[in-house]
Amino acid sequence: MRLLLVEDEIDIQSFLRTSLEEAGYEVEAAADGKTAELLAVDGSFDILIVDLGLPDIDGISLILKLRQLGVRAPVLILSARRSVDDRVRGLEQGGDDYLTKPFALAELLARLRNLLRRNSPPASEATRLRVLDLELDLLRREATRSGQILQLTPQEFVLLEYLCRNAGRVVTRSMILDKVWGMRIQPDTNVVDVHIYRLRGKVDGPGQKPLIRTLRGVGYVLKDR
Amino acid sequence: MSSKTAKPVMHSAAWRISLWATLAFACGTLLVFVFLHQFVANDIQRRSDAWLSGEVEVLGDVAEQTPKNALYDRVVGEVAELAGKEVPNKDLSAGTSNDSVFFLQTSAGGAPMLWVGAGSGEENLKAIRAARIAPDRPTDLRVRGFGIPFRVAATRIDDGSYIYLGLSERDELRVLRIMRLRFLLLWLLLVLLGFGIVFYTAHRMLSLVRRITEAASRIGHSDLSARVPTSARRDEVGSLALTLNHMLDRIENSMHQLHTITDSLAHDLRSPLTAIRGKLEMSLSAGSLDDNSEPIVSVIEELDRLTEFLNKSLDVAEAKADALRLTRCEIDLEELLRIMIDLYEPSMSEKGLQISLQSGGPLKIEADEAMIHRMIANLFDNELKHLPAASTINLLLKADESGASLILEDDGPGFDPEILPHLFERRVKGRKSNGHGLGLAFIDAVVRAHGGAVSAGNRDCGGARIIINLPL
Chain A
-12 MRLLLVEDEI DIQSFLRTSL EEAGYEVEAA ADGKTAELLA VDGSFDILIV
38 DLGLPDIDGI SLILKLRQLG VRAPVLILSA RRSVDDRVRG LEQGGDDYLT
88 KPFALAELLA RLRNLLRRNS PPASEATRLR VLDLELDLLR REATRSGQIL
138 QLTPQEFVLL EYLCRNAGRV VTRSMILDKV WGMRIQPDTN VVDVHIYRLR
188 GKVDGPGQKP LIRTLRGVGY VLKDR
Chain W
2 MSSKTAKPVM HSAAWRISLW ATLAFACGTL LVFVFLHQFV ANDIQRRSDA
52 WLSGEVEVLG DVAEQTPKNA LYDRVVGEVA ELAGKEVPNK DLSAGTSNDS
102 VFFLQTSAGG APMLWVGAGS GEENLKAIRA ARIAPDRPTD LRVRGFGIPF
152 RVAATRIDDG SYIYLGLSER DELRVLRIMR LRFLLLWLLL VLLGFGIVFY
202 TAHRMLSLVR RITEAASRIG HSDLSARVPT SARRDEVGSL ALTLNHMLDR
252 IENSMHQLHT ITDSLAHDLR SPLTAIRGKL EMSLSAGSLD DNSEPIVSVI
302 EELDRLTEFL NKSLDVAEAK ADALRLTRCE IDLEELLRIM IDLYEPSMSE
352 KGLQISLQSG GPLKIEADEA MIHRMIANLF DNELKHLPAA STINLLLKAD
402 ESGASLILED DGPGFDPEIL PHLFERRVKG RKSNGHGLGL AFIDAVVRAH
452 GGAVSAGNRD CGGARIIINL PL
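Protein chains in written order, with our numbering: chain A, -12 to 212; chain W, 2 to 473.
Everything labelled a hint here was simulated from the structure, so no lab data went into it. A couple of the hints might just be wrong.
To be verified - With a straight-line Cα cutoff of 25 Å, these simulated BS3-like cross-link-like pairs (lysine-lysine) come out:
1) W:Lys365 / A:Lys166
2) A:Lys166 / A:Lys210
3) W:Lys352 / A:Lys189
4) W:Lys352 / W:Lys386
The whole structure should be built from the sequences, with the hints applied where relevant.
What follows is the structure, given as structure tokens:
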């Protein structure tokens, strides 16, 4: 996957480049709009990360300009601004995504994956999800572990489904709040953790190999190995 | 026109102004007329009196000098009749003869000696006997059968008899009556016309003021780009509109300044935070999860708290200046609350808290969904942090014409009485609180930005009560 990173802050650019390369992306970086324009038009990128606060051009204007020049790749907008610009909302409608700084790396990677998936032809929607001995029937809203039916509330099922779809990858609390409850909030209290503890109590029975793992300060991961 | 003009016209300032102006005008003109009327009536009487005094003197002389023979009655009678003819008689309704003047001579005892006038003079004599008229000063005399009193002058002549000359002022009074009637009609017409003109001008003037008021009230917390309508005329109302617009320009400018400051502050703080967080996370994933990672993890958590604190601080700062930027859409407050309760319920029951919602069904409001989410999260976080175990939280959601109201009641210790008057100020928190004292200030900020109001206090039976009102 070829990725163009447009970010003027050298610190952020360098750690993003390292993490993205670790995650398997082939990264080209640009520190201003002009360089980004040259790179984007020449090389064919699968995805772009664009910071809104560039020294020479506004990030949104750059994206619109690139679109005019025929760049079709989806864009993940990074914003350190407080309010979400109406034009960002416009781009979001058009299939791009945004992330406010500071962010968790896991969330950045998840959003990138989402954007790439959205742009690839949709795989036929599975009706069953399987992670190791955990199995989810998406039609009957039923989960089983080693053939044993788990007594889950509808909300717990949605949470487990989200973890399964991202099995093996880290999901952060704000990602869970966004995707499962549909809200971008940062509670002062451990509301998400309690949901996870409860779910873990039902999924990881005594004597079974624990599947849901907590990565403190980062989030959770559903083990697939 | 908006609903504000639908109220009865009687309640408008234009109506009151025109009513008072018309009242003053009507009273003034009435006063002037009464004065004029009095003047004319007095003048008429003065003229009559002068004539009467002169004539009665002449008649007295004639009566004195005429020898008391068979011709006396004829001579004096003819002189009296001649005098009577000087008085015009336009009102002939009462009869063909002139009954507006009479001449009467009586003996010292009061017996009639000579009568010149219409009719027999019986009634006139009776009235004169009853009235005892002083000589030389004309007085009013009411005679039965005549609607209008006679003006009567008397004189005593040498032989001891009295001479009376009476004059009715009915012609003059008739003219006065007609004048009064016409004036009244004209006055009524003028008053109505005056009211109409004053009302029309005042209404036009004030409708411009009302349009300015309406436009000014529409210029909301977030939208400062609108301006009030101006008029081409450079009068008081026109300059009011211009002044308002200049003021709005200045407010918009300072608002823009504030946004620039908070935006750049946020940007300048968030960029290093992003870099720090990213580097920490990288060192975390590189060394996998061992004992060394614990300090890093807690630093990351502290960073996240710092970020949220920064966001809230800036939101509260903007909201205190009525400059919070909202993206409104229609949301169902009831559904939103149910989802949030669903999110918080496990944490609450973990702590032994019970939460319940009473509501009358879906409740649609125009609001910024993300802001309302954060506000409710703050409210619930507050409860989670401060309530002792085994407390209950009751939420009551209801709607009326004025808007939606959400009432939160708990049976915990309530607010510290010391901080109760300053609950919604920044940095205010109870002694035992470990928060940063932004929760309630943020709730207040969001609600105010939506044009609503929050109040908080302690219940009589203990526990806290927070009432949030939001417009629909």
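Margin query: Tell me the numbers of any earlier hints that the structure contravenes, in ascending order.
Written below: none
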